[in-house]
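Number of protein chains: 4
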Amino acid sequence: MPITISTKFDFTLDQPTDVILQFEAATIPEQEIVSCNSVLSNSEHCARVPAHDGIGERVLVRAEGKFEVAYDAVVEVKRLTPDISGLAQLAPHELPEDAFEYLLDSTYCPADRFQSIVEEEFGELQGGARVLAIREWVANHLTYTPGSSTSTTTALDSYVERRGICRDYAHVVITMCRASTIPARYVSCFAPGVTPPDFHALAEVFLADETIEGGGAWYIVDATGMAEPGETVKIGVGRDAADVSFLTSFGASHFGNKTVTVTKSD
Amino acid sequence: MPITISTKFDFTLDQPTDVILQFEAATIPEQEIVSCNSVLSNSEHCARVPAHDGIGERVLVRAEGKFEVAYDAVVEVKRLTPDISGLAQLAPHELPEDAFEYLLDSTYCPADRFQSIVEEEFGELQGGARVLAIREWVANHLTYTPGSSTSTTTALDSYVERRGICRDYAHVVITMCRASTIPARYVSCFAPGVTPPDFHALAEVFLADETIEGGGAWYIVDATGMAEPGETVKIGVGRDAADVSFLTSFGASHFGNKTVTVTKSD
Amino acid sequence: MPITISTKFDFTLDQPTDVILQFEAATIPEQEIVSCNSVLSNSEHCARVPAHDGIGERVLVRAEGKFEVAYDAVVEVKRLTPDISGLAQLAPHELPEDAFEYLLDSTYCPADRFQSIVEEEFGELQGGARVLAIREWVANHLTYTPGSSTSTTTALDSYVERRGICRDYAHVVITMCRASTIPARYVSCFAPGVTPPDFHALAEVFLADETIEGGGAWYIVDATGMAEPGETVKIGVGRDAADVSFLTSFGASHFGNKTVTVTKSD
Amino acid sequence: MPITISTKFDFTLDQPTDVILQFEAATIPEQEIVSCNSVLSNSEHCARVPAHDGIGERVLVRAEGKFEVAYDAVVEVKRLTPDISGLAQLAPHELPEDAFEYLLDSTYCPADRFQSIVEEEFGELQGGARVLAIREWVANHLTYTPGSSTSTTTALDSYVERRGICRDYAHVVITMCRASTIPARYVSCFAPGVTPPDFHALAEVFLADETIEGGGAWYIVDATGMAEPGETVKIGVGRDAADVSFLTSFGASHFGNKTVTVTKSD
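Protein chains in written order, with my numbering: chain A, 1 to 266; chain B, 1 to 266; chain C, 1 to 266; chain D, 1 to 266.
The hints are simulated quantities; they were obtained by calculation from the structure and are not laboratory data. Be aware that one or more of the hints could be misleading.
[Said to hold, decoys possible] Some but not every residue of chain D turned toward chain A, in silico, with C-beta under 7 Å:
1. Arg113
2. Leu125
3. Glu161
4. Ile165
Built from N, CA and C at the ideal position, the CB exists for glycine as well.
So here's chain A without its partners, still in its complex pose (with noise of 0.2 Å):
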């Protein structure tokens, strides 16, 4: 079933500044775009580079004045999407090299902080079964609180204060996860179910599977419960949001507006 992607969005550079743009559905085997059409103001020089794990792309763009982006795509979702409960998780040794980073803090998951907690909390669950009860928790904490949260806001924060965004979510399941040395990653995305309609976030895990080379794959999380794993469309993953911001600026740069529209069709 394709899912069709249109987003818009604008901001103001006083000056030519570098920015970085991930915006764009990544072409990954999980999901095939069938067609995908972006355009960029003009720009001193723009480029595109492999992004986080190689999931995606980076737009680098230098540019002063007003900059507009539009993207159109789209993109059927191939993702499988069995029950986690049973998976187990994998010991450090055992994890693949580029999965073994998603273990660690990051500037929004102290994880390190959290060991207490989850050992409390959860401490007789292992594996996925740990994953769903983090899921579930998270689920049943945290109110859904647009205007709550801001770019410094942390896992820690969202913890207690129990109320975020989309972004928040994913931030306190990634450091519960890592917490309980399942390695966790943040996921840049669009979904249908979205309300406000916007760019989404939500987590991944890593967890055992013998019968995929590497020994275990990465599975889709999302505490807000709006994104149907096999309808999410991955733009790119990094350890937290500060990886894959879908605006980054190196100087000051003013943002206007925003649509993200995201259907299915028949």
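Got chain A; can you put chains B, C and D on it based on the hints?
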């Protein structure tokens, strides 16, 4: 001139716990491992994996009770240490892929928040000249104060409190360089001049060099002034101290003793 | 010269909730309330208590649903506004008891952490001359940026990010003065020059004046430059914004609209 | 039953520095100072002022070099220690003026951010019953861990890390009580059962008691379980540790040794 390294440390784990260790000189072109010997306590299992950016190795151990590590090595450092004052910085789109991520914020380096400060302090300088001015600023404004920082101290804390240890000096340098759109990473290392003798840390920045494939290279910057780039033995690199801790424990651990000796031979 | 004030604001409480309001010109010798009128929505109960240091009043309300506040007043300000550049600061043991607590750290003013910075920047200056240098520093280094701070932004954040609104300017001034062993407090107020018109905030410092009982007096310091001390109508004082918020709610509240008009009459 | 106190501590000041000391049993109705003796090093000047809320005294000293404090006292505690489980809490508008400020946020007690948590955990309980449930929660969820906190550790940090010392236990209790609209303050004290022997800290809450002028009284709450309310000798009170530190220095100070002995006599 060979550098002789000898270190011992131990810690105790209350229960079977996964631990990551990173304490050995890395095998990289710029330093030759003449001899080395690592002796570790028995463990349930022990594996080695390449560390961040493929520089050095992480030792993954699952153990319980008292755990001891002893490491001895002789290393010949062959690093070139040019004057970087005339080197240019590369625009983000010119950077090789593996330098790129070192422009972004990380756990201890909230670079985005320092854009106004670096513009104000160093606005007229670019590239290597700015890096040297940053090193000078940090050397002049921070006071080396053992015991003044903890595992949660960020570059923002150190900048305001104007004090820290090698880890903190490196974080402030890295943060200011990234805020200047210059890739900067954290290096854990051994160096003869460190007082009191201990594991050491410093920053590396990526600057242009047309004679090199990839268009640039990493250069050591030590605002503490304790390590000579030509005598520094690298252990590993990462975005900041969170990536290259010599000991990361996924559960309660109690640190015991540590001795580090680093000497130059004639 | 009378100052005419007119303000209206409203908020909604999901369930019966205790609320503290502090929005009226204080009755103190330095300003005469010529006329005033407060109109509040009906509430389960409503009480008035003296506010911090006995300056102004807090209105305590228990209410539910939409709650509206309208306040109109004409105030004649009689404050003396001497040049403070020659005034000395008092040693802690010379301070009157009620000035003393304004030397200590508070929620948004981590003064203890700024001791090195003020020593480095202003080490040669004392008393009023240092206060004026601090005001100048803050005026020159911060950029007034509506929307850049939140209810958790401290003076440390504003100092590093070099931006904020009146609240943040006041917090940085207060923090630097306390770090200089000069008592400093937070003043919420009305003033004609504030743009855009809103409740305003600034700092007050306690400096020596032998002609006054108690050995000193409080002097207004506004690093935003928007309020003239001689035209400023005080609402209340406290250690920082946490003590004199115009609205503190013990439960969920949703802020609605706010208008503030302050004009000088001839 | 008299309590015998003996304490000594010293610190060194690099240059003439103002210091605030607060280390003596307060003269208040609920405890009788049978005998006391304070011996301090010579200083440039030394003054005494009433401390926060008029409970106890602060000693203000200006000194240089090594400074020693020795204090010996015998104190008879006469405090009533009723069961508070049935006591009601007062609405904000019913509180006496000096209890009111203990509803607000302070440096280490970000109560506003804990409103969701206390509602979720203790939503069915009011007054003394809620206070006892909070004490129980903190006692059960935090682990007493000397060395785990620093001068910047807040109740939010301790809540997440689930550990701390007496200061941190008190801050979490205070924060949760204020978030419950129950006034709570920080008490520094001496108590016989403290292990290892040291200055101690605990919380006090204000609850209704119709038989008392003002409509209520302060009751001791110690989540560490180390201090018996009937044997606790108060030194001072404040919003949190920032108000009643036994040593506050306006300039660099180096702490030396400290011994505290507190015993019950028969």
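Problem - Indices of hints not satisfied (ascending) - result: 2 and 4
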